[in-house]
Amino acid sequence: MERTIKKVLIANRGVPAVRIMHTCRDRKIATTAVYSTPDRLAHHVYMADTAVHIGDAPPAKSYLNIEKMIDAAHRSKVDAIHPGWGFLSENPDFAQTVIDNGFIWVGPPPEAIRLLGDKIQAKKMAQRASVPVIPGISPVENVEGIKKWMKAENVSYPIIIKAVAGGGGKGMLRVDAEAELVNAFNQTQSEAIKSFGDNRVMAKKYISHGRHIEVQIVADEAGNVVHLYERECTLQRRHQKIIEEAPSPSIDDDLRQEICFAAVRLMREVRYVSAGTVEFILDAPNRKFYFLEVNTRLQVEHGITELITGLDIVGMMFDIAMGKRLHIKQSDIKPNRWALEVRLNAENPRNFSPSFGRITRLLIPQGPGVRIASGVYEGADVPPYYDSLIMLVITAGVDRDDAIRVMDRALGRNLRVEGVQTLAPLLLAIIRHPAFKAGEFSTHFIENHMEELIASFRDRNSEDEVLKIGHYVAQVSALGPPPWM
Numbered sequence: 001m002e003r004t005i006k007k008v009l010i011a012n013r014g015v016p017a018v019r020i021m022h023t024c025r026d027r028k029i030a031t032t033a034v035y036s037t038p039d040r041l042a043h044h045v046y047m048a049d050t051a052v053h054i055g056d057a058p059p060a061k062s063y064l065n066i067e068k069m070i071d072a073a074h075r076s077k078v079d080a081i082h083p084g085w086g087f088l089s090e091n092p093d094f095a096q097t098v099i100d101n102g103f104i105w106v107g108p109p110p111e112a113i114r115l116l117g118d119k120i121q122a123k124k125m126a127q128r129a130s131v132p133v134i135p136g137i138s139p140v141e142n143v144e145g146i147k148k149w150m151k152a153e154n155v156s157y158p159i160i161i162k163a164v165a166g167g168g169g170k171g172m173l174r175v176d177a178e179a180e181l182v183n184a185f186n187q188t189q190s191e192a193i194k195s196f197g198d199n200r201v202m203a204k205k206y207i208s209h210g211r212h213i214e215v216q217i218v219a220d221e222a223g224n225v226v227h228l229y230e231r232e233c234t235l236q237r238r239h240q241k242i243i244e245e246a247p248s249p250s251i252d253d254d255l256r257q258e259i260c261f262a263a264v265r266l267m268r269e270v271r272y273v274s275a276g277t278v279e280f281i282l283d284a285p286n287r288k289f290y291f292l293e294v295n296t297r298l299q300v301e302h303g304i305t306e307l308i309t310g311l312d313i314v315g316m317m318f319d320i321a322m323g324k325r326l327h328i329k330q331s332d333i334k335p336n337r338w339a340l341e342v343r344l345n346a347e348n349p350r351n352f353s354p355s356f357g358r359i360t361r362l363l364i365p366q367g368p369g370v371r372i373a374s375g376v377y378e379g380a381d382v383p384p385y386y387d388s389l390i391m392l393v394i395t396a397g398v399d400r401d402d403a404i405r406v407m408d409r410a411l412g413r414n415l416r417v418e419g420v421q422t423l424a425p426l427l428l429a430i431i432r433h434p435a436f437k438a439g440e441f442s443t444h445f446i447e448n449h450m451e452e453l454i455a456s457f458r459d460r461n462s463e464d465e466v467l468k469i470g471h472y473v474a475q476v477s478a479l480g481p482p483p484w485m
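Numbering (our numbering), first residue to last: 1 to 485.
If you're looking for bench data, these hints aren't it; they were derived computationally from the structure. Computed from a predicted structure; not experimentally measured. Hints are not guaranteed to be accurate.
[Claimed, not checked] Listed next, the in silico BS3-like pairs over lysine-lysine satisfying Cα-Cα at most 27 Å (straight line):
| hint | residue 1 | residue 2 |
| --- | --- | --- |
| 1 | Lys194 | Lys124 |
| 2 | Lys147 | Lys68 |
| 3 | Lys147 | Lys170 |
| 4 | Lys77 | Lys28 |
Given only the sequences and the hints, what does the whole structure look like? Please build it.
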């Protein structure tokens, strides 16, 4: 049954909220923003048609407060709620509350979020769908259970201990030797309770030099499921992605078809609806891939898939939420470009510590092949309470080398952020590194090359502009004015 969405509340802030608003403008869907006290002058508030204050700075009092979100939806008389990514986007209780209050939930069914958010159940569903999984044990109640499993399945170190309900790199530790096992288990269990309210822990074989490959899936209520091909998300810091690209340079067409259709099988098995992403880890030397998890939401990096396919994934989510069938078949989807994305976080590029304050100057990259998803503007404040992502810089080209060249231009020549530190120097150093250009990297790339990456930084600020002007004045004084003056 088709439903109508004329106005939507976006239960988010910053980059994800602004991204969704762009599609809403294209679709002539009115938008309501929600904001905390420090976000009252934020970019997403300016962009929305209406805005509702939902509380003080701490997320628990604002962006994670389900009651205030629902109240804001009622007050602004919206038809639907889109959660974006982060915050409440993968909270099944929030999704169910949205539906129970008569609003359209722009996302997967609550039962799918709950099922796939449980790492143990998700692994069982993957096995039912004949999708390869990493050798592991879950849940595991103590260190002795891990030792027995390793002996029974002939698993050697390193292994990973992680929270069953974990995500975003939290509640996860690598163990390289038995001497580290007790401390790692206790620390992971403590983090699991603190971050997720769930003390269950799992252990699995760690894939050395693994590569992260994820497949974008879109499915409608009629059971039609398509994949929009894969993304490479191997470049990470602290288990969080920092650079993504599509397609992946790590796989060939045969492996691409195998991994993409494995993702489709899994999502059909769980009767998935809306946009979602199936994550795999690739053991590149052995050409084997293993299921990791499903992200039951819009991904930060969805933009690179949109660039190579020409599709609007957010728009497809709205269509599906309104009960429409997919307007494309698998055979219609033919990527024809290469796209690269970097996450511009407000952080110290040397140690990743957060940087907050007012953006005193902002020049946003432009030109052919560049797409920007920004959550800030010049003069905006970057508050210390939330995720440090302020902008996504996405570039596209006819091939990988071309996309990298455009990214080099965007970061090295056209981007300027002052007032806060950003990861721009590190990102530029990575894309210029010979190993990255050759496609030779793993999840350890940044930690293995950090010293040489930092050594290549060239800090730029407003003093550079003064020096340029001084140099030019000196030239004119010494040589006289140029002919055009």
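Status of each hint after checking the structure:
no.	hint	in the structure
1	Lys194 - Lys124	26 Å, holds
2	Lys147 - Lys68	46 Å, violated
3	Lys147 - Lys170	23 Å, holds
4	Lys77 - Lys28	16 Å, holds
Hint violations for this structure: number 2 only, all remaining hints satisfied.
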